[in-house]
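Asks: Dock chain B with the ligand against the given chain A, drawing on the hints supplied.
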Amino acid sequence: MSWLSRVRNSLPFGAKRETADNLWIKCPACDEMVFTKEYDENARVCPKCDHHGRIGTDMRFAILLDQGYEVLPTPQVREDPLKFKDTKAYPARLKQARAKNPHPDALTNAAGAIKGHRVVLGVQDFAFMGGSMGMAVGSAFVHGVDRALKDRVPYVICTAAGGARMQEGILSLMQMPKTTVAVRRLKEAGLPYIVVLTDPTTGGVTASYAMLGDVHIAEPGCLIGFAGARVIQNTIREQLPDGFQRAEYLHEHGMVDRVVHRHELRDELAMLLDYLSPRAAA
Amino acid sequence: MASYLEFEKPIAEIDSRITELESASGEDVDLSGEIEKLREKRATLLGGTYARLSPWQKTQVARHPGRPHFRDYVANIFDDFVPLGGDRYFAEDEAIIGGLAKLGERRVVLIGHEKGHDTESRLRHNFGMGKPEGYRKAIRLMDLAGRFGLPVVTLVDTSGAFPGIEAEERGQAEAIARSTEACLALPVPMVSAIVGEGGSGGAVALASAERVLMFEHAVYSVISPEGCASILWRTAENAPDAAEAMKMTAQDLLKIGVIDRIVAEPVGGAHRAPEKACASLGKALEEELETLGELDSTRLRAMREERFLRMGEG
Ligand SMILES: [Zn+2]
Chain A
1 MSWLSRVRNS LPFGAKRETA DNLWIKCPAC DEMVFTKEYD ENARVCPKCD
51 HHGRIGTDMR FAILLDQGYE VLPTPQVRED PLKFKDTKAY PARLKQARAK
101 NPHPDALTNA AGAIKGHRVV LGVQDFAFMG GSMGMAVGSA FVHGVDRALK
151 DRVPYVICTA AGGARMQEGI LSLMQMPKTT VAVRRLKEAG LPYIVVLTDP
201 TTGGVTASYA MLGDVHIAEP GCLIGFAGAR VIQNTIREQL PDGFQRAEYL
251 HEHGMVDRVV HRHELRDELA MLLDYLSPRA AA
Chain B
1 MASYLEFEKP IAEIDSRITE LESASGEDVD LSGEIEKLRE KRATLLGGTY
51 ARLSPWQKTQ VARHPGRPHF RDYVANIFDD FVPLGGDRYF AEDEAIIGGL
101 AKLGERRVVL IGHEKGHDTE SRLRHNFGMG KPEGYRKAIR LMDLAGRFGL
151 PVVTLVDTSG AFPGIEAEER GQAEAIARST EACLALPVPM VSAIVGEGGS
201 GGAVALASAE RVLMFEHAVY SVISPEGCAS ILWRTAENAP DAAEAMKMTA
251 QDLLKIGVID RIVAEPVGGA HRAPEKACAS LGKALEEELE TLGELDSTRL
301 RAMREERFLR MGEG
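Note that the protein sequences, when read in sequence, are chains A and B. Position one of the first sequence corresponds to residue 1 (the numbering used here), numbered consecutively onward. Position one of the second sequence corresponds to residue 1 (the numbering used here), numbered consecutively onward.
One chain only, chain A, in its complex shape (with noise of 0.2 angstroms):
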């Protein structure tokens, strides 16, 4: 099956009634109207100008595994540690992210198969609170690998994060280590850890388990990177190079394996999963 019919079958934005608001979509690189079906159908990426657009856990679940996947449920945290509060308090930003998004943090699981092979695939989604790591993506981390490591099957993670989830302090930061040891023990189990990076990936989840891959792969014209932009900007005061921070950039100071069409992850992935698996003793 083709992706995109594999992205037809299982789109569940293609039940929402359309409306003229939300039959076009503007791309965000070349600002052509596209169709949103089409736009979707071409899994967010445009059909004018490649330019590839954030989408959604639930996509990406299925534009890259086989039908018929599992998807994991979010591990419970304790929320709202610190009793944060901002402008707004956090358990009223959590409910609002939820309302707005279907899971109930930042990453999420599932467990199934990409053209045959199987794995456990987490993505993490930008529009649930900028898929900034707190407990509950650190935990979600953690418990997918467990379960590859139960399954022994290669962990896949699609990273996106603007950083770390202030509204959780030093518990956020307290991630890095805690995600690291979970890379750590799939690396001692033999099994294959593959980072798909997705736009944005920034801060301390770049700094933690989106380097830790045996390969990273990258989505075109994502921005990767540890310091923000205007943070760099405002301690150097220097003009920042065209493409700064960007895949290709990555790719090139050989922070990246390889710069993928989502179009061709799937198969990307099947490759690499054949490669690398671990298989028995011959």
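Because the hints were derived from the structure by calculation, they are not lab data. Every value quoted in this text rests on a predicted model; they were computed, and no experiment measured them. C-beta atoms are modelled at their ideal positions from N, C-alpha and C, and glycine is treated no differently. What you were told as hints is all true, and nothing was included just to trick you.
Derived DSSO-like pairs (lysine-lysine); straight-line CA-CA distance at most 27 angstroms:
no. : chain 1 : residue 1 : chain 2 : residue 2
1   : B       : K276      : B       : K9
2   : B       : K37       : B       : K9
3   : A       : K100      : A       : K26
4   : A       : K48       : A       : K26
5   : A       : K88       : A       : K100
6   : A       : K88       : B       : K255
7   : A       : K85       : B       : K255
8   : B       : K255      : A       : K83
9   : A       : K26       : A       : K37
Label pairs and their computed distance ranges (CB to CB):
no. : chain 1 : residue 1 : chain 2 : residue 2 : range
10  : A       : Q233      : B       : T119      : 21 to 31 angstroms
11  : B       : E294      : A       : A99       : 44 to 54 angstroms
12  : A       : A89       : B       : P10       : 31 to 41 angstroms
13  : A       : K187      : B       : T44       : 54 to 64 angstroms
Replies: Chain B with the ligand only, in chain A's frame:
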């Protein structure tokens, strides 16, 4: 003369009053009674102020230029320090210093951020903001420690890893991730102390240890209060609110299990009596290493893994 922090103004006033009286004191005027009274008042005020510092005030104390830095800890706590330089790939980064040292009878690998103490040294040490090569040097030294059975001590004092073009180009994120991984993989005891500012990923990359100590007035957070405020409140002016909300003090972090032990500072902060502060830290480090020395590598790694896996869940 000592530089006073904003909130220390009342103390500064008493100090200048004391200086005035002292210079007015002569053979025919005896003001010693009055001076003595002021000194008592000052001691009470200083103690009271420092017992009730707000998170934002602690941030100022943690950043105080007169606070002891890496070189002071080396001079006061350790013997025979042998700095080892370079990451073997690109450069020597003096924002992160490391090498061999003796802590009492014990030989250790010592790694830490150095902020510098005057303009020249601050520039040389890049204000304690490590670049990828600094973290890669730390990885190299941790690897060395593991192979030769030397415990690792890290002293964390950074506003954060350096945000710059060349740092991004050379893989700042990857270097930090690998440094964190190197901490977790150590087969030898590791003790980290947050001695000043524990700024985000640049700090955790050297602090993913089984025992984490923190000075009484140090701070440790995912982002600076100014950074947090400018994102969530849309203005850095709310930094005091952000500092409060983020729970970045040693007292708060001990409660939620992020650190294990608070090292007391002299009254009025480590910058008022650096040698005393160093002595307390040295004693605490020795005690910690003494306890950990009993454990084998499997147990040490398990402790570290457990610590971070259950973080925030207890
Ligand atoms: Zn376009």
